[in-house]
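Student: Sequence:
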Amino acid sequence: MSAIQRFHQVANDALVNLSEHCPQGAKLALVIYTPGEPEKDIVLEDQGLDRNEVVSALRRRGLSIDGDNAYKRDLLDAVVGALAFGAQNTTPPPAGHWGQRFWDIGREERANSEALLKALEALTQIAGECERIASNYSGTIDGVFEHGGDDHEDPSCAIFHRLYYALFDARAALKKATH
1 MSAIQRFHQV
11 ANDALVNLSE
21 HCPQGAKLAL
31 VIYTPGEPEK
41 DIVLEDQGLD
51 RNEVVSALRR
61 RGLSIDGDNA
71 YKRDLLDAVV
81 GALAFGAQNT
91 TPPPAGHWGQ
101 RFWDIGREER
111 ANSEALLKAL
121 EALTQIAGEC
131 ERIASNYSGT
141 IDGVFEHGGD
151 DHEDPSCAIF
161 HRLYYALFDA
171 RAALKKATH
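FYI, in the UniProt record's numbering the residues of the sequence shown are 1 to 179.
Any given hint could turn out to be false.
Unchecked claim - Straight-line alpha carbon distances no greater than 20 Å define the calculated SDA-like cross-link-like pairs of lysine to any residue that follow:
{"hint": "1", "residue 1": "Lys27", "residue 2": "Ala11"}
{"hint": "2", "residue 1": "Lys72", "residue 2": "Pro35"}
{"hint": "3", "residue 1": "Lys72", "residue 2": "Arg61"}
{"hint": "4", "residue 1": "Lys118", "residue 2": "Lys72"}
No lab work stands behind these hints, which were simulated from the structure alone.
Given these sequences and hints, build the entire structure.
Tutor: Structure below.
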């Protein structure tokens, strides 16, 4: 019998012995790990053990979601993936899967973004038309800027100035969102 097989036998016997002294209905789990060497991990579980309850017990004793481990990274990768697939309206999770919630959020956010983008495009078009009309009465943008810009005494010049610069941001946002 190898050293690992002997260890498993001794650990199993110890768990059987411990289980006889546990409160009625209690379950036992033994986890042995060697940091940086996951291939040496050993997990011995009582029959009928609920692993979710083990995690809950560890959480009650201070296990935090803030630490770094592969399980949490994988879980968060799955959430991010579900959000991305939902935004793309592709690869929905199976019926009843916990990831459906995140897929739906991704879809809703995409729909909201598209609605906002459509509204920004329409508003930018209208603002551009208004800017062109105001510019007919205002002269050059540099001239308007030199004579008060937003505070210009002529309202059409002030409107032209505001629209001219607001359209820079709107057009840049549209370009970023559509390319």
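Student: Evaluate each hint against the coordinates.
Tutor: Right, here's what the structure says about each hint:
1. Lys27 to Ala11: At roughly 15 Å apart (the allowed maximum being 20 Å), Ala11 and Lys27 satisfy the hint.
2. Lys72 to Pro35: 17 Å, holds
3. Lys72 to Arg61: Holds. Lys72 to Arg61 sits at ~18 Å (cutoff 20 Å).
4. Lys118 to Lys72: 37 Å, violated
Hint check: a violation occurs at hint 4 only; the rest are consistent with the structure.
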